[in-house]
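Novice: Now for the letters of each chain:
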Amino acid sequence: MDSLSGLALGFGNALTFANLGWALLGCFLGTAVGVLPGIGPALTIALLLPITFSVNATGAFILFCGVFYGAMYGGSTTSILLNTPGESGSIITALEGAKMARNGRAGPALATAAIGSFVAGTVGTLGIAFIGPVIVEWALVLGPAEYFALMVLCFVTVSAVLGASALRGLTSLAFGLMLGLVGVDLQTGQPRLTFGVPELLDGVNVVLVAVALFAVGEALHMAWRHHGGKQEVLEVGRLMLSKQDLRRSFWPWIRGAGLGFPFGVLPAGGTEMPTMLSYYAERRLAKPEYAKEFGTTGAIEGVAGPEAANNAAAAGVLVPMLTLGLPTSATAAIMLSAFQSYGINPGPLLFTQQAELVWTLIASLFIANVMLVVLNLPLVGLWVRILKIPVQQLYAGILVFATIGTYGISNSVIDLVILYTLGVVAMFMRRFDFPVAPVVIGMILGPMAEQALRQALTISQGDWSVFVTRPGSAIILGLAVLALAGPRLYGAIARRA
Amino acid sequence: MKPGAFPDLVVGLSITALGLLTVWLTWVIPVTPVYAVVGPKLVPAVVAAALVVLGLLLCGVALRGGWSAAMPDIAEAGPPNLVSLGWLGGGMLLNVILIVPLGFAIGAAVQFVCTARAFGSRAPLRDAVIALAVSLGAFFLFVEALGVNIGAGVLEGAILRALGREVP
Chain A
1 MDSLSGLALG FGNALTFANL GWALLGCFLG TAVGVLPGIG PALTIALLLP
51 ITFSVNATGA FILFCGVFYG AMYGGSTTSI LLNTPGESGS IITALEGAKM
101 ARNGRAGPAL ATAAIGSFVA GTVGTLGIAF IGPVIVEWAL VLGPAEYFAL
151 MVLCFVTVSA VLGASALRGL TSLAFGLMLG LVGVDLQTGQ PRLTFGVPEL
201 LDGVNVVLVA VALFAVGEAL HMAWRHHGGK QEVLEVGRLM LSKQDLRRSF
251 WPWIRGAGLG FPFGVLPAGG TEMPTMLSYY AERRLAKPEY AKEFGTTGAI
301 EGVAGPEAAN NAAAAGVLVP MLTLGLPTSA TAAIMLSAFQ SYGINPGPLL
351 FTQQAELVWT LIASLFIANV MLVVLNLPLV GLWVRILKIP VQQLYAGILV
401 FATIGTYGIS NSVIDLVILY TLGVVAMFMR RFDFPVAPVV IGMILGPMAE
451 QALRQALTIS QGDWSVFVTR PGSAIILGLA VLALAGPRLY GAIARRA
Chain B
1001 MKPGAFPDLV VGLSITALGL LTVWLTWVIP VTPVYAVVGP KLVPAVVAAA
1051 LVVLGLLLCG VALRGGWSAA MPDIAEAGPP NLVSLGWLGG GMLLNVILIV
1101 PLGFAIGAAV QFVCTARAFG SRAPLRDAVI ALAVSLGAFF LFVEALGVNI
1151 GAGVLEGAIL RALGREVP
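Residue numbers (the numbering used here), protein chains in the order written: chain A, 1 to 497; chain B, 1001 to 1168.
Chain A on its own, in the form it takes in the complex (with noise of 0.2 Å):
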């Protein structure tokens, strides 16, 4: 099916009353969550998980998808007004946004962030519709060699490429894929890691460790490190653009647009990259009149840009996770164990076994940027009030949903006991700098990676060598090795130069 007729299928079945009303769901969560700090998408959909059970796939993807919209959009109302990133891809629109909400224009910062994000959201997601059809004819031939070589790659490029060391990224990703072999070998029906314990039989459940991850662990790192003190809202005022804050958004709003998406799109993943490169260029490329606001009074530019590469950023991890079934955020990763809950595979046969399902999403992205624009420019004096629930009663209420969420998996105690104490290693990996986001792929691409082994040692009966003999797998284990070990080179030949 092409792009366009695949629209055309999609839009008439978005627009029914009950899928609209899964993505203003979505949108409306997904906003909340991306403003309160502490909180974020990976988290939510986790909760959420539960809902596979009971409504059709179409309608939770539409709701799972509008949440992690949402986040994007929410999480700029927080770096502007709290100085507080929500989210890794918000930190560089706080430089900006935060220092334009000081200087009493946080009106306009807001409706350029919102309005960028709407920009590269509609762009990112026209990127989906036409570049994942071609990605998928592409991606057909790939062999199960190809993909377990695709997977070496992402979990490379999360763990060792994206943060601060790739020494503590690759151990995180370690971590998860020892999570990820707890539990009876599909194959050959042995039981792993398990202690002997029965309830571990059946794995460790993903919501249990993304919720620990990312509520319980983030909990513990906050009164680990609490001193009281409150932090001040920023007012937000007029929120009209004038003509000139228009033109002087309109460029990085399309640059950022057109310099996220090709990052989220590759293995690399990550929202950082992009937006801090649509950050320096925007600050090269004003013109000096406006140049000297930057890091003073806080330019438009900064916020227009990097803002929208994080949403155009955030639209293309969508593209491997539909046409490769390969996550690059943890956010990614847990859609796709929804995808598994259903029985559905992700990748390239998606687009042709479930194009329904496919084009319904892509249409109800669109609806969903029209939706969150709406919700967040107008309605933006809502989400300001929850930015003022106190610290307080956040965190206790974030436990609380914490728990039911990993209770109601099983309604076994033994969970909470687990849920905890991989509360206090998370705690413990914050501490010490660990990036989380590699375990919860690690944990959910691991078994994928190993069955893609086996297949691809099946076919070859037990030859080793076809991950180089096959020109596809050369090529991107190749890149992994360059993506491990092209750093550390480069670093080395600099230094001797």
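Worth flagging that the hints you see were computed from the coordinates, not collected in a lab. Do not take every clue at face value.
Partial list, derived from the structure: chain A residues whose beta carbon lies under 7 Å from chain B [to be verified]:
id	residue
1	L167
2	L177
3	L186
4	L399
5	Q451
6	R454
Here are the in silico distance ranges between beta carbons for each label pair [as the list claims (entries may be wrong)]:
id	chain 1	residue 1	chain 2	residue 2	range
7	A	A494	B	L1042	33 to 43 Å
8	B	V1154	A	P262	50 to 60 Å
9	A	T352	B	E1166	38 to 48 Å
10	B	E1166	A	L15	34 to 44 Å
11	A	D2	B	G1151	50 to 60 Å
All residues carry an ideal CB built from backbone N, CA and C; glycine is no exception.
Given chain A, work out where chain B should sit, using these hints.
Specialist: Okay, now just chain B, sitting in the frame of chain A:
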């Protein structure tokens, strides 16, 4: 070794220990009679080896001065707030103890009050009212909207009976 690097060394050693534990767990995976090119032990063995190697490398970094002491987050932070951590951990423990005999709503409400206290709230009665509203709200949201089966405890059962509904 620099004085601030000792915690980092403990982290490296813990990860090495986790790797060795995984080695042992891999060792005891029953050998399968089913033929498989990649048996059940191969991937666990690779992961175990990776954990041991990474743990040792982290120990090496720690011995050469460590990494966390230099992070601005840690360098600027005061001493850990053990009172806050104690309230938070106590809340978790109480929830684990209370959730089976008394049910989710009460267990979670107790945890809510303790957590709010951990973050500096000084109004336990007001917190308790909010706590019951939040935990009951969460209960009915999960049971009614998400269709998750959470056994009704003392309080949930009483409310369901008052509404004339069946208690699961």
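Novice: Next, verify each hint and record whether it holds.
Specialist: Verification of the hints:
no., hint, result
1, L167, "holds (6 Å)"
2, L177, "holds (5 Å)"
3, L186, "violated (10 Å)"
4, L399, "holds (5 Å)"
5, Q451, "violated (9 Å)"
6, R454, "holds (5 Å)"
7, A494(A) - L1042(B): 33 to 43 Å, "holds (38 Å)"
8, V1154(B) - P262(A): 50 to 60 Å, "holds (56 Å)"
9, T352(A) - E1166(B): 38 to 48 Å, "holds (45 Å)"
10, E1166(B) - L15(A): 34 to 44 Å, "holds (38 Å)"
11, D2(A) - G1151(B): 50 to 60 Å, "holds (51 Å)"
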